[in-house]
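Quick note, the sequences are listed as chains A, B and C, same order.
Following our numbering, the numbering of the first sequence begins with 1 at its first residue and continues without gaps.
Following our numbering, the numbering of the second sequence begins with 1 at its first residue and continues without gaps.
Following our numbering, the numbering of the third sequence begins with 1 at its first residue and continues without gaps.
Just so you know, the hints here were simulated from the structure itself, not pulled from any lab data.
Each residue gets a CB set at the ideal place from its N, CA and C atoms; glycine is no exception.
Just to be clear, a hint being listed does not mean it is correct.
Just so you have them, the derived chain A footprint on chain C, three or more residues with Cβ under 8 Å [to be verified]:
no. : segment
1   : 18 to 26
2   : 95 to 101
Just a few of them, taken from the derived set where beta-carbon distance is under 10 Å, the chain A residues facing chain C [to be verified]:
no. : residue
3   : HIS373
4   : THR620
5   : VAL623
Restricting the straight-line Cα-Cα distance to at most 20 Å, the calculated cross-link-like pairs of lysine to aspartate or glutamate (DMTMM-like) are [unchecked claim]:
no. : chain 1 : residue 1 : chain 2 : residue 2
6   : A       : LYS213    : A       : GLU71
7   : B       : LYS83     : C       : ASP98
8   : A       : LYS184    : A       : ASP593
9   : B       : LYS159    : C       : ASP98
10  : A       : LYS175    : A       : GLU71
11  : A       : LYS567    : A       : ASP380
One-letter residues, chain by chain:
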Amino acid sequence: MNVFFKFAFLVPLLPLIAFLLIVGITRHVKGSRVSAGVSVGFNAISFFIASGILLRLIALLHAGGAWHPIELTTTWMDFQNVANFPPLHLEAGVLIDPLSSIMAFMVTLVSTLIMIYSIGYMADDPGFSLFFSYLSLFVSAMLLLILSNSFLLTFIGWELVGVCSYLLIGFWYKKPSAARAAIKAFVVTRTGDVGFLIGIVTLYWVAGTLNFKELASLDLHSLLIGWMSWGVPLLIFCGAVGKSAQFPLHIWLPDAMEGPTPVSALIHAATMVAAGVYLVARSYFLFVQSPTALLVVAWIGCFTAFMAATMAIVQWDSKRSLAYSTVSQLGYMMLALGAGPIGFVAGIFHLLTHAFFKALLFLGAGSVSHPFHEKENPFDMHHYGGLAKSMPLTHITFLVATLAITGCPLLAGFFSKDEILGAAFHSPLPTHLTLWGVAVFTALLTSIYMFRMYFLIFHGGKKSDSHAHESPMVMVAPLLVLAVFAAFGGWFGFPGHSWIAHFFEPYRMAYHVAEPAGADWFGMSVGTAVFLGGLGIAWVLYGQGMPYAKLADHPVIQPFRIFFLRKWFMDDFWNGLLQVFAYRLAAAASWIDTNLIDGSVRTVGVVTGWVGERIRVVQTGQVQQYAIVIFSAVLLLLIYFQYGGTRAWMP
Amino acid sequence: MIHPVAFYALAAVVILCALLVVSVRNIFHAGLFLIGTFLGVAGLYVSLQNFFLAAVQLLVYSGAIAVLILFGIMMTQRYWSEKQPSHNRLGIVALPLCGGLFWLLIQAYSHLPQTQIVPVMENMIHGMGVVLMQVYVVPFEIISVVLLAAMIGAIAIGKEKEES
Amino acid sequence: MITVWHYAILSALLFVIGLYGALTRRNAISVLMSVELMFNAANINFVAFSYYFKNENVAFLAGQVFPLFVIAIAASEVTVGLALALALYRNRSVVNLDSADILRG
Numbered sequence: 001m002n003v004f005f006k007f008a009f010l011v012p013l014l015p016l017i018a019f020l021l022i023v024g025i026t027r028h029v030k031g032s033r034v035s036a037g038v039s040v041g042f043n044a045i046s047f048f049i050a051s052g053i054l055l056r057l058i059a060l061l062h063a064g065g066a067w068h069p070i071e072l073t074t075t076w077m078d079f080q081n082v083a084n085f086p087p088l089h090l091e092a093g094v095l096i097d098p099l100s101s102i103m104a105f106m107v108t109l110v111s112t113l114i115m116i117y118s119i120g121y122m123a124d125d126p127g128f129s130l131f132f133s134y135l136s137l138f139v140s141a142m143l144l145l146i147l148s149n150s151f152l153l154t155f156i157g158w159e160l161v162g163v164c165s166y167l168l169i170g171f172w173y174k175k176p177s178a179a180r181a182a183i184k185a186f187v188v189t190r191t192g193d194v195g196f197l198i199g200i201v202t203l204y205w206v207a208g209t210l211n212f213k214e215l216a217s218l219d220l221h222s223l224l225i226g227w228m229s230w231g232v233p234l235l236i237f238c239g240a241v242g243k244s245a246q247f248p249l250h251i252w253l254p255d256a257m258e259g260p261t262p263v264s265a266l267i268h269a270a271t272m273v274a275a276g277v278y279l280v281a282r283s284y285f286l287f288v289q290s291p292t293a294l295l296v297v298a299w300i301g302c303f304t305a306f307m308a309a310t311m312a313i314v315q316w317d318s319k320r321s322l323a324y325s326t327v328s329q330l331g332y333m334m335l336a337l338g339a340g341p342i343g344f345v346a347g348i349f350h351l352l353t354h355a356f357f358k359a360l361l362f363l364g365a366g367s368v369s370h371p372f373h374e375k376e377n378p379f380d381m382h383h384y385g386g387l388a389k390s391m392p393l394t395h396i397t398f399l400v401a402t403l404a405i406t407g408c409p410l411l412a413g414f415f416s417k418d419e420i421l422g423a424a425f426h427s428p429l430p431t432h433l434t435l436w437g438v439a440v441f442t443a444l445l446t447s448i449y450m451f452r453m454y455f456l457i458f459h460g461g462k463k464s465d466s467h468a469h470e471s472p473m474v475m476v477a478p479l480l481v482l483a484v485f486a487a488f489g490g491w492f493g494f495p496g497h498s499w500i501a502h503f504f505e506p507y508r509m510a511y512h513v514a515e516p517a518g519a520d521w522f523g524m525s526v527g528t529a530v531f532l533g534g535l536g537i538a539w540v541l542y543g544q545g546m547p548y549a550k551l552a553d554h555p556v557i558q559p560f561r562i563f564f565l566r567k568w569f570m571d572d573f574w575n576g577l578l579q580v581f582a583y584r585l586a587a588a589a590s591w592i593d594t595n596l597i598d599g600s601v602r603t604v605g606v607v608t609g610w611v612g613e614r615i616r617v618v619q620t621g622q623v624q625q626y627a628i629v630i631f632s633a634v635l636l637l638l639i640y641f642q643y644g645g646t647r648a649w650m651p
Numbered sequence: 001m002i003h004p005v006a007f008y009a010l011a012a013v014v015i016l017c018a019l020l021v022v023s024v025r026n027i028f029h030a031g032l033f034l035i036g037t038f039l040g041v042a043g044l045y046v047s048l049q050n051f052f053l054a055a056v057q058l059l060v061y062s063g064a065i066a067v068l069i070l071f072g073i074m075m076t077q078r079y080w081s082e083k084q085p086s087h088n089r090l091g092i093v094a095l096p097l098c099g100g101l102f103w104l105l106i107q108a109y110s111h112l113p114q115t116q117i118v119p120v121m122e123n124m125i126h127g128m129g130v131v132l133m134q135v136y137v138v139p140f141e142i143i144s145v146v147l148l149a150a151m152i153g154a155i156a157i158g159k160e161k162e163e164s
Numbered sequence: 001m002i003t004v005w006h007y008a009i010l011s012a013l014l015f016v017i018g019l020y021g022a023l024t025r026r027n028a029i030s031v032l033m034s035v036e037l038m039f040n041a042a043n044i045n046f047v048a049f050s051y052y053f054k055n056e057n058v059a060f061l062a063g064q065v066f067p068l069f070v071i072a073i074a075a076s077e078v079t080v081g082l083a084l085a086l087a088l089y090r091n092r093s094v095v096n097l098d099s100a101d102i103l104r105g
């Protein structure tokens, strides 16, 4: 067994050790950047091992021949021979296959770059060490999620990343909006996790195992009968809906921008939100046996993509706009996976490219906001404008990322996004053309809002703030590295000679997908047309100042604008739902507690006091009255003895 | 055996004096009537052939206790008040109570044999002496301790507070 | 003929009269005197029953000796009671039982 594979378990373990070291030791070392060094160092080693795994795997695949995913396990809990226990046997292990190895590679790379960026971004923050400890913990949990070999470990990693997300969104916990956003994120994702857990339990109940390899080899058609055929995958999809911010659980992601920018970049662009897509890919063997489930996934993804794009257009906060963009792109990935096995590779490919350019966009937005950090909202685009000259490197990398996401020919997004559109077009799903049409329109919207953002920040007249400057090198260097991947990462999926499709060959064969066709000229022209159309519209509206700014108040436009600004009234919807079910219930319970339960205790006290006051009257202090009482008792006793028969005084 | 007339006379004295003790307004007069009661009771002891007890009754009760009570009255009365009520208002409750108690006691005594009883012994003195010194010698000795304790207690309670 | 019954009723009557006085009189020393009446009633009862009945369960002549002890006890009781009355008089300058209600709830 290759040495990289043998030490695969170190990949999630090393950041965990970093976390423990920082929390235990280096946090107390004052005034130094040791924590950052520990974090980055351990992460880099993880990246090294992950790349080693990836390269070895590539070599193995090249060698050809039969290929199986590599699994290393160790027994975690074994109750099979213990009396009075159900025969439970739990194993923990890592699963190395193309999907997990390339995801691990991406996660470790992006997280290391973002950690380096954070050294500059969080330099003045008093919680510097704590930040890095949380980041390390998060990376460890994410890698656990990715590399696990069973649903159980995945779920553990899943919950852990949720906790880390909560910790990191609410990092500046003294800010009430941040604290609320953190709770909102956690609660909303937990809502999805309920479905996830039910799905896992049902699966275990039916199949008896949660190990991916074993499950994939079972005959699921006969095991998942009746409702379970589409129920189990959709329940698992619930978790993905929550984690990947799909409709209707997308509401937490925009609010999650309260966290520091590196957090937004790492967790809410590149990695954690991708976990939902990864989960669907991992459990794809469950989805493929139910066309209904696939249809639901595709439609939810498509609708989310469209909805989020409409909301992104009206935002004036740069991070909010990017957040909605993330939701939209995640919708694209879900659409791809839902389109059927032909979209599997496209979805994963887009996941990988999106990680790079979205992280780049977020870090760029952070870099742009740096000179404005003493303003109330440093990300308010009203402050920006004409920053192209004062921040050249940030400008170039941001432009590259924008071109990538909108599908500019030859850059990363072009290949991955067009593959998705192609998958939708050729998909065997019943409504695939409608899906394709909406997806194309959404691509147009994507182009519009991304270029709108670009023009608003970097073009237009120069504002009065003349102190805008380029960020320090420690922040710019990761931007440059990411830009390279954003620009050229797409070439791995060049149609006709797609390296990545070749890499995912085992899946293609498992799901009986035909050989990928050559270049899809129709798809590519549609994609290019959409990209240019969006660029043009954005240039007209926002390129030279904002000549049509008054247009926004037009009575026809205004209702749309409000609808999009109010997030399609989803926040209100959820709030109303909670109001009816949760708050009223809580108020009723509180009423019961105060009045009935506390009331009964209080009543006991009050009654005792009242009775005491009444009885008090008897104690007059007068001896002769007491004597009367005594002799009355004697009288009564005598009456009893006299008339109670012989048993009264005869023993 | 006592002549019935003598008995009824003595009984009348006892009851009459007792009634007057509990009803007269002037306490000093009540004390005097108390002495009268004691004398009557001593007579009753004589009628029961227990001359020793009669003598003790006269000596201790009417000779010492009554005198002590009269001393107490004289030391604690600032003025012979006729205006202050001598009875409290519990009479309404006490009268039925006492009546009921009396009636019940009668009922209890009704179980006694109604026929003539022959007395057990005449002239108890000799027997009393023997019994006191032999059977009841322990209580006899302890009584003296009790009296001592009472003396000490009375002194302790009745002492004037020292001005120090 | 005088039977035990006569003495029993007499003692009951005396006792009840004493009780009435103890419950009704305001002056503390009057109450003391009424208590003495009750003692005497009990004594008469003792002696009468002992005179008229022979009982194997009781020691011989117990009823004759007991009143002796009762008298002695009564003496000590009057002593202490009068000392109390004196103390009461010193604090309040009257010996009314009505006013001694500090233990009132």
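Consistency of the hints with the structure:
{"no.": "1", "hint": "18 to 26", "verdict": "holds (count 4)"}
{"no.": "2", "hint": "95 to 101", "verdict": "holds (count 4)"}
{"no.": "3", "hint": "HIS373", "verdict": "violated, 73 Å"}
{"no.": "4", "hint": "THR620", "verdict": "holds, 6 Å"}
{"no.": "5", "hint": "VAL623", "verdict": "holds, 6 Å"}
{"no.": "6", "hint": "A:LYS213 - A:GLU71", "verdict": "holds, 9 Å"}
{"no.": "7", "hint": "B:LYS83 - C:ASP98", "verdict": "holds, 16 Å"}
{"no.": "8", "hint": "A:LYS184 - A:ASP593", "verdict": "violated, 26 Å"}
{"no.": "9", "hint": "B:LYS159 - C:ASP98", "verdict": "violated, 24 Å"}
{"no.": "10", "hint": "A:LYS175 - A:GLU71", "verdict": "violated, 45 Å"}
{"no.": "11", "hint": "A:LYS567 - A:ASP380", "verdict": "holds, 18 Å"}
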